[in-house]
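For the record, the sequence lines run as chains B and Z. The first sequence: position 31 = 31 (this note's numbering), numbered continuously. The second sequence: position 19 = 19 (this note's numbering), numbered continuously.
Since the hints were made in silico from the structure, they are not lab data. Just to be clear, a hint being listed does not mean it is correct.
Copies of the same chain look alike in the list, so a pair counts if it fits in one copy or across any two.
Below 27 Å or equal to it, Euclidean Cα-Cα: the simulated DSS-like pairs (lysine-lysine) are [said to hold, decoys possible]:
hint : residue 1 : residue 2
1    : K28       : K16
2    : K44       : K78
3    : K11       : K78
4    : K9        : K24
5    : K73       : K107
6    : K46       : K78
7    : K53       : K141
8    : K11       : K73
9    : K141      : K44
Number of protein chains: 2
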Amino acid sequence: MIKIVCVGKIKESFYKEAIAEYVKRISKYQKLTIVELPDFDYDKVKTIYEEEKLIVNNLDKKDYIISLCIEGKKVDSKTFSNLLTDSFTTKSNITFVIGGSYGLGEKVKQMSDLKLSFSDLTFPHQLFRVILLEQIYRGFKIINNESYHK
Amino acid sequence: MIKIVCVGKIKESFYKEAIAEYVKRISKYQKLTIVELPDFDYDKVKTIYEEEKLIVNNLDKKDYIISLCIEGKKVDSKTFSNLLTDSFTTKSNITFVIGGSYGLGEKVKQMSDLKLSFSDLTFPHQLFRVILLEQIYRGFKIINNESYHK
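The task is simple: from the sequences and hints, build the whole structure.
As structure tokens, then:
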């Protein structure tokens with residue numbers, strides 16, 4: 001099973017539809033659940049602290065935990081697909097963690113088996129969720145040798 | 001003016017809506033036009049060759065031409081916003097070029113003033129167009145010191 005733990009509501013309808021579409025496509029390959037936690041609007045330190053408490057409550061050390069953060073390792077799509085395969089050979093669940101506007105707290109990073117960075121650019125969390133889901137879907141297409149250009 | 005020269009139609013309605021939304025938001029800061037060229041479905045060499053011919057016809061050497069390709073330079077969002085500012089101080093137009101599934105031909109790369117890479121990951125061209133537009137919009141928000149978290 002794949003679990004995505006993320007912060008903040010999706011407001012734009014087009015992002016909601018994009019997310020629903022990729023969740024549907026991924027469901028052919030793996031069970032996927034999205035745990036959407038509330039975001040906070042305090043200063044940076046307090047926001048990260050409050051969000052971290054909720055994120056940690058939704059992490060299970062038995063899972064392979066992959067955090068998305070700017071200082072993480074950069075991979076290409078083929079390597080990302082290998083990561084999916086490798087994780088599932090040792091663990092039955094993969095959990096991806098996407099932080100809020102201010103990023104992830106240290107505790108979440110320490111609990112992670114792997115930190116990944118998709119880009120040096122900053123993306124809105126709504127768009128980032130689409131990017132991650134598309135990449136997971138692409139990963140399964142690569143694993144299964146299925147063509148996928150679009 | 002900003003021009004985006006890109007290859008392939010947008011099929012998914014949610015991507016169409018996302019693109020329309022960011023085009024609308026960017027229009028408060030700069031005139032933006034999207035030149036959407038047909039894609040081809042030959043082998044890699046012929047596809048790149050045919051797409052390149054059309055792309056080159058839509059490039060103007062007077063513009064500041066930025067090509068998006070995997071071997072390009074990686075920048076963060078702040079540096080990307082500086083690029084927008086710097087380009088407009090020397091040229092009146094910026095042209096971004098997004099290739100098709102097989103990437104850009106050498107001629108387009110040689111005509112470019114700058115090559116940028118947003119990620120080591122491969123994205124579908126439809127999603128990539130959203131990512132570029134969002135980053136241009138974010139760039140203008142940064143330039144104008146406007147808050148933008150979402």
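For each hint, the structure was consulted:
| no. | hint | verdict |
| --- | --- | --- |
| 1 | K28 / K16 | both (19 Å within a copy, 25 Å between copies) |
| 2 | K44 / K78 | between (35 Å within a copy, 19 Å between copies) |
| 3 | K11 / K78 | between (31 Å within a copy, 25 Å between copies) |
| 4 | K9 / K24 | both (19 Å within a copy, 23 Å between copies) |
| 5 | K73 / K107 | within (18 Å within a copy, 32 Å between copies) |
| 6 | K46 / K78 | between (37 Å within a copy, 24 Å between copies) |
| 7 | K53 / K141 | neither (35 Å within a copy, 31 Å between copies) |
| 8 | K11 / K73 | neither (29 Å within a copy, 32 Å between copies) |
| 9 | K141 / K44 | between (38 Å within a copy, 20 Å between copies) |
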